[in-house]
Amino acid sequence: NAGVTQTPKFQVLKTGQSMTLQCAQDMNHNSMYWYRQDPGMGLRLIYYSASEGTTDKGEVPNGYNVSRLNKREFSLRLESAAPSQTSVYFCASSEASAAFNYGYTFGSGTRLTVV
Amino acid sequence: TQLLEQSPQFLSIQEGENLTVYCNSSSVFSSLQWYRQEPGEGPVLLVTVVTGGEVKKLKRLTFQFGDARKDSSLHITAAQPGDTGLYLCAGAGAGGTSYGKLTFGQGTILTVHP
Chain A
1 NAGVTQTPKF QVLKTGQSMT LQCAQDMNHN SMYWYRQDPG MGLRLIYYSA
51 SEGTTDKGEV PNGYNVSRLN KREFSLRLES AAPSQTSVYF CASSEASAAF
101 NYGYTFGSGT RLTVV
Chain B
1 TQLLEQSPQF LSIQEGENLT VYCNSSSVFS SLQWYRQEPG EGPVLLVTVV
51 TGGEVKKLKR LTFQFGDARK DSSLHITAAQ PGDTGLYLCA GAGAGGTSYG
101 KLTFGQGTIL TVHP
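First to last, the protein sequences are chains A and B.
Residues in the first sequence are numbered consecutively from 1, following our numbering.
Residues in the second sequence are numbered consecutively from 1, following our numbering.
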């Protein structure tokens with residue numbers, strides 16, 4: 001019962017380096033999301049993909065790009081990492097429609113530190 | 001931008017006590033969800049409430065959605081150490097273009113001491 005799998009679990013980057021966070025789900029969900037979690041700020045939406053082939057910006061998209069590779073996979077890329085991107089990143093998937101959210105299944109997160 | 005204010009931010013209680021966590025907004029939500037998160041893990045969905053005034057119970061946890069669908073509460077009866085964790089409320093926007101996007105509150109860190 002894998003659900004949502006995120007890799008890597010931990011990463012340390014130097015300022016200016018790039019990396020891609022991987023996410024895959026095996027529940028045949030249409031919608032996928034990337035959130036970041038910072039102390040005292042809850043979870044903030046970076047990008048989402050309502051369905052395969054579509055992506056859209058969330059609340060805090062600057063400094064990130066995404067790719068919905070297929071229905072299962074949704075990756076998040078940091079082109080030039082900055083210390084302000086130190087955070088815990090969560091991928092989630094959902095059987096959501098345009099009008100209703102059926103609840104997210106989250107991965108276990110990637111803890112990223114940018115030095 | 002829809003905002004959800006969650007209170008209190010921190011709650012430290014003894015086993016057996018009751019507690020309530022509040023989630024408030026000036027915006028209307030089509031549904032509201034509560035999640036529980038343990039250290040090192042992602043949040044796990046506890047419940048979804050959809051109808052204004054709706055009350056749902058999950059063992060010792062009672063969830064209520066406000067009549068106007070702008071607020072919600074989570075009440076835990078006779079808290080146990082196993083209830084310790086971060087509790088998050090999350091609202092889905094009203095209207096037909098939300099595509100499942102959720103707005104999260106800041107979270108409540110609950111510690112239940114034996």
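None of these hints come from the bench; they were simulated from the model.
All residues carry an ideal CB built from backbone N, CA and C; glycine is no exception.
A few of these clues could be false.
Claimed, not checked - Where chain B lies over chain A, by a calculated footprint (3+ residues, C-beta under 8 Å):
{"no.": "1", "segment": "35-42"}
{"no.": "2", "segment": "104-110"}
Said to hold, decoys possible - Sample of chain B residues lacking proximity to chain A, with all beta carbon distances greater than 10 Å (derived):
{"no.": "3", "residue": "GLN9"}
{"no.": "4", "residue": "ILE13"}
{"no.": "5", "residue": "GLU41"}
{"no.": "6", "residue": "VAL44"}
{"no.": "7", "residue": "GLY53"}
{"no.": "8", "residue": "GLU54"}
{"no.": "9", "residue": "GLY66"}
{"no.": "10", "residue": "LEU88"}
{"no.": "11", "residue": "LYS101"}
{"no.": "12", "residue": "LEU102"}
{"no.": "13", "residue": "GLN106"}
So, going through the hints one by one against the coordinates:
no.	hint	verdict
1	35-42	holds (count 4)
2	104-110	holds (count 6)
3	GLN9	violated (7 Å)
4	ILE13	holds (21 Å)
5	GLU41	violated (5 Å)
6	VAL44	violated (7 Å)
7	GLY53	holds (19 Å)
8	GLU54	holds (15 Å)
9	GLY66	holds (18 Å)
10	LEU88	violated (7 Å)
11	LYS101	violated (6 Å)
12	LEU102	violated (6 Å)
13	GLN106	violated (4 Å)
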